[in-house]
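Participant: Counting in numbering that gives the first Met the number 0, the sequence shown runs from 0 upward without gaps.
Treat the hints as calculated values from the structure; they're not laboratory data.
Only a predicted model underlies this, so the values are computations on that prediction, with no experimental measurement involved.
Positions of the beta carbon are idealized from the N, C-alpha and C atoms, including for glycine.
Hints are all accurate, no fakes.
Simulated restraints, written as ranges between beta carbons of each label pair:
(1) D203 x K62: 21 to 31 Å
(2) N79 x K31: 15 to 25 Å
(3) G140 x N107: 13 to 23 Å
(4) Q36 x S247: 33 to 43 Å
(5) Q246 x Q199: 19 to 29 Å
(6) D161 x N81: 17 to 27 Å
(7) A124 x K62: 44 to 54 Å
(8) V257 x K62: 20 to 30 Å
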Amino acid sequence: MVTLCHYAIIVLLPHFLSVSSADENDLLVTVKNGKVQGTLLPVLNGNVRAFLGIPYAKPPVGKLRFRNPEPIDSWEGVKNANSFSNTCFQLADMTFPGFRGAEMWNPNTPVNEDCLYLNVWTPQAQASSPLPVMIWIYGGGFTTGTSSLELYDGRYLTKSEDVIVVSMNYRVGVLGFLSLPNNTNVHGNAGLMDQRLAIQWVVDNIAAFGGDPSQITLFGESAGSVCVGFHVLSPGSNVLFKRAVMQSGAPTAHWTTVSLSEAWNSIPVLTFNQKQKEEAHHNCLYFQNYNINV
0 MVTLCHYAII
10 VLLPHFLSVS
20 SADENDLLVT
30 VKNGKVQGTL
40 LPVLNGNVRA
50 FLGIPYAKPP
60 VGKLRFRNPE
70 PIDSWEGVKN
80 ANSFSNTCFQ
90 LADMTFPGFR
100 GAEMWNPNTP
110 VNEDCLYLNV
120 WTPQAQASSP
130 LPVMIWIYGG
140 GFTTGTSSLE
150 LYDGRYLTKS
160 EDVIVVSMNY
170 RVGVLGFLSL
180 PNNTNVHGNA
190 GLMDQRLAIQ
200 WVVDNIAAFG
210 GDPSQITLFG
220 ESAGSVCVGF
230 HVLSPGSNVL
240 FKRAVMQSGA
250 PTAHWTTVSL
260 SEAWNSIPVL
270 TFNQKQKEEA
280 HHNCLYFQNY
290 NINV
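Start from the sequences, fold in the hints, and give me the full structure.
Facilitator: Below, the structure is given as structure tokens:
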């Protein structure tokens with residue numbers, strides 16, 4: 000019996016080692032900007048591959064604050080993609096301290112302006128043909144939200160439907176949607192442009208994960224649904240995906256837009272109610288430390 004057990008171990012050990020090695024190789028993916036190392040996450044009846052916190056844009060800080068995002072530069076070596084990134088700057092909901100129903104929507108990763116990252120979940124086994132892709136856009140009234148919330152964990156949809164799921168962070172609040180008159184660099188909707196750049200990144204790179212860039216579906220809820228609607232309407236976006244799912248939000252809703260005059264008039268409130276000249280406003284807004292002053 001002992002001899003038989005030893006024989007079984009000797010026979011099976013190379014198999015387990017080869018499986019482990021194959022899994023490790025599957026978790027190293029080369030995208031156009033460099034290499035990313037993912038991780039395996041458990042789900043019912045198996046695992047999925049997860050690549051979390053992949054940068055898709057340069058950090059929107061300093062002179063890039065409020066502006067349209069710029070594509071991320073290439074990197075050397077292998078970038079670890081096994082944990083979620085920062086959450087884009089926002090204020091936590093403290094209306095009902097300790098109430099799970101409210102706090103579940105609050106950021107669960109550090110809040111920072113360096114936040115333009117995306118996540119990819121794929122089935123563990125390589126498919127015989129490229130898989131359809133679903134890109135999630137979170138809601139939050141354009142002022143809150145993050146892709147790292149437990150509710151948005153893409154592994155379960157990936158496993159149950161055999162699809163690739165992608166989610167991204169985008170700027171919210173004043174940092175994502177401020178518009179200034181007579182300023183071509185701050186023309187508003189930077190958050191929407193973040194989303195478009197993330198979608199473009201998926202088109203350019205998802206094949207490396209086993210996805211089909213011609214079979215992309217956008218889906219979102221509340222403000223995320225509104226954003227999906229805007230991308231459907233936008234000639235610059237709607238060529239990047241094939242289908243859209245809108246859940247509880249439409250771009251025609253009255254709360255989805257604000258006039259330029261309303262946006263401009265809100266600036267003194269955001270800068271300590273000081274009435275300043277237009278140039279001073281611009282300089283102040285670019286270099287205020289939002290972690291302290293908003």
